[in-house]
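Just so you know, the sequences run in chain order W and Y.
Numbering of the first sequence is given in the numbering used here, commencing with residue 1 and proceeding in unit increments.
Numbering of the second sequence is given in the numbering used here, commencing with residue 1001 and proceeding in unit increments.
Note that these hints are calculated values from the structure, not bench results.
A portion of the hints provided could be inaccurate.
Beta-carbon label-pair distances, calculated as ranges [to be verified]:
1. T90(W) with D1159(Y): 47 to 53 Å
2. A171(W) with N1003(Y): 47 to 53 Å
3. H362(W) with P1117(Y): 53 to 59 Å
4. A1081(Y) with E133(W): 39 to 45 Å
5. A1025(Y) with T90(W): 30 to 36 Å
6. S1059(Y) with A468(W): 58 to 64 Å
Pairs of lysine-lysine, BS3-like flavour, derived with a Cα cap of 30 Å [claimed, not checked]:
7. K1158(Y) with K1086(Y)
8. K96(W) with K1158(Y)
9. K197(W) with K1007(Y)
The following residues of chain Y were derived to be distant from chain W, with all beta-carbon distances above 10 Å [said to hold, decoys possible]:
10. Q1047
11. T1071
12. A1078
13. A1080
14. P1089
15. A1090
16. G1105
17. A1107
18. D1159
19. H1201
Positions of the beta carbon are idealized from the N, C-alpha and C atoms, including for glycine.
In case you want the letters, here they are:
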Amino acid sequence: MSTALRSPANFKRDAAEAVTKPSLKIALDRTTGLLQSRRVDVLKAYPEFEVTRDVGARIKDHTLAHLDHYLAEFEKNATAAGAVVHWAETPEEACKIVIDLCRQADAKSVTRVKSMLGEEIGLPGALAAAGIERVETDLAEHIIQLADEPPSHIVIPAMHKTREEVADLFAEHHREPKIDGEVGTLVESARGELRPKYVAADVGISGANFLIASTGSICTVTNEGNAELTTELPRMHIVTAGIEKIVPEPEHALVLLRLLARSALGTEFTQYTSFFTGPRRADETVGPESMHIVLVDNGRTQMLATEMRPMLRCIRCAACINHCPVYGAIGGHPYGATYPGPMGSVLTPALLSLEVAKDLPHACTLNGRCQEVCPVKIPLPDLIRSLRDDTWRRKLVPKPARLAVQGWAWVAARPTLYRLTSGMANRALRLWSRGRPMIAKLPLAGGWTQGRDFPAPTGPTFMQQYKAQQRAKR
Amino acid sequence: MSNARSKIFARIAEARGEPLPSAQAIAAERAALVPDASATQPTFTEQDTLTRFEAMATSERLTATVAHIATLEDVPGAVAAYLAEKGLPAEAAIAPVLAGLDWSGIAASAAITPNQPVAVTLAEGGVAETGSLIFRSGPDTPMLHNFLGLHHVAVVRKDGISRYLESVFAPDAPELPRIMSLVTGTSGTADIEAVNIRGAHGPRYLHILMVG
Ligand code: SF4
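Just chain W, with the same shape it has in the complex (with noise of 0.2 Å):
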């Protein structure tokens, strides 16, 4: 899928070819059953794990609360350090600002450190408009930018390939590719065929995991170190961020550094942690001779003011997303925006819209594993749940399924009526599973089955069990 064709809206169609493609189920497999594996063993280190969520979740509601506050702290404190900051309310507003500060700068050429915010603002697109040349540094990034693919995982973008897709890739691209099946020897070809391009950029642009506001730093993690690589070479390092970035002190990032590399990759620490404060000073040499923090919106003060406001107490961890069975069996891509999984069918709709992504609150089990493993305790499923309450009262539910949960309604609320029908539901059923456990395709039901199989009842029906018992109890 190619970046340009991509929307929420085609969610179904999409979801169902995704569950179709063998490679994809393998990546997936292979990286979310690694993710589980390592998250689990780096918490038995960290019986803290429960208060310190409970920390987290306190420090974004406080910031979140007095965010007008902070912001204004933050902007007085980085202006002092020699940073400009500028503010965006729209992902149109903010590439303009980043693009006509690279002619500014006269850049010919970008490197660029993965940020999630430079996705959802559409940034790749706008400079590729603006005719310059964008070098992606994060590994997964640099994999997908020669794809010409959206990213399908917020902190593996490249998520969805394997392997053997990425060494067909970098054969093709590279201009000294090393290939031996290795994952290694991969990964020294992306090195070798990067490093220059550190050197030549004009610009380095990186987004934020946290903005402090008492020092006016922006604070970036990765494991690669592609970030300080990128931003100190440049004449100009220009930052994109939320807005919701924002915490009061850097003790506050501290501890949501704790509990976001536990949970992205299941590691104690980033490999690297940096916190930027201004451009290069006067006694310096190196580094960037201006520095430019864009901060955009982008919907987030309106989820303030709705139920959606825990949702802005993300912070990109994606362990909702490795946890999720949905995003398990179809990968990021047919959920059509930046942000995949129970966090993105959150994100999605409130910034897009509801109509556009009104499929994404209802690809969900409500299995509730996604809000059980947030570190920053985002109620995701009544989140999602709120949302598919809004489709329906905004009738953006498909007439055919709103007639059949009104249908289902009706019969409900008739309580011999429903034992009646249910009773024979059951029973036609269990004639039809023919006493495999498992029904591998069911009439009126074509399409539900085509991706999987319906549990045959394994009994009657509770009320004809429990009123068995009754009697036999007499």
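Since chain W is already given, all that's left is putting chain Y with the ligand on it; use the hints.
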């Protein structure tokens, strides 16, 4: 002041639906956010600070190696020994802060090149909790020296290693430099099939010289 800024601030105020509390009230609530930082810190009571630091840094995931030396004067000798052990030529980029040591026997350069094989730098300190080294940018401690080399030899004084991350930002810590970097092990990536690989963009090898 841009139009976007005032609109964003107006919407935040509107969402709150009540006036912003006084700065004092916000400060009081802020001070109470983390009543006890130790509740969020992993416990390792059975290990002293230096043991934990070394164990973390040399763990399977962080893959650093460690050597112990008595004083800063021993750094060039320890670097020479490392180069010999790895079969590397006797040359290295040396951070200006360490240039004053006696580097005879090693071709020491002040400048660093994009494909630098070996770089030697001085850390301000370390953190036992995570096995991190703390680097501060400055004219004598340029940040790129910590990132461009394939081999990074980092010098750290044992008395600069503290137990928890919070010490990095303690009230008595010096003012923030332009970049403060916590370097935790070697550069790595898990981007292909979540397999952990060393040496993505930054150093593939990290050798820590613990002084004191
Ligand atoms: S919603 Fe929670 S679990 Fe999901 S990415 Fe955000 S912080 Fe992580």
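Comparing the hints with the structure gives:
{"no.": "1", "hint": "T90(W) with D1159(Y): 47 to 53 Å", "result": "52 Å, holds"}
{"no.": "2", "hint": "A171(W) with N1003(Y): 47 to 53 Å", "result": "50 Å, holds"}
{"no.": "3", "hint": "H362(W) with P1117(Y): 53 to 59 Å", "result": "55 Å, holds"}
{"no.": "4", "hint": "A1081(Y) with E133(W): 39 to 45 Å", "result": "44 Å, holds"}
{"no.": "5", "hint": "A1025(Y) with T90(W): 30 to 36 Å", "result": "33 Å, holds"}
{"no.": "6", "hint": "S1059(Y) with A468(W): 58 to 64 Å", "result": "60 Å, holds"}
{"no.": "7", "hint": "K1158(Y) with K1086(Y)", "result": "25 Å, holds"}
{"no.": "8", "hint": "K96(W) with K1158(Y)", "result": "49 Å, violated"}
{"no.": "9", "hint": "K197(W) with K1007(Y)", "result": "39 Å, violated"}
{"no.": "10", "hint": "Q1047", "result": "12 Å, holds"}
{"no.": "11", "hint": "T1071", "result": "28 Å, holds"}
{"no.": "12", "hint": "A1078", "result": "24 Å, holds"}
{"no.": "13", "hint": "A1080", "result": "26 Å, holds"}
{"no.": "14", "hint": "P1089", "result": "20 Å, holds"}
{"no.": "15", "hint": "A1090", "result": "24 Å, holds"}
{"no.": "16", "hint": "G1105", "result": "28 Å, holds"}
{"no.": "17", "hint": "A1107", "result": "22 Å, holds"}
{"no.": "18", "hint": "D1159", "result": "22 Å, holds"}
{"no.": "19", "hint": "H1201", "result": "5 Å, violated"}
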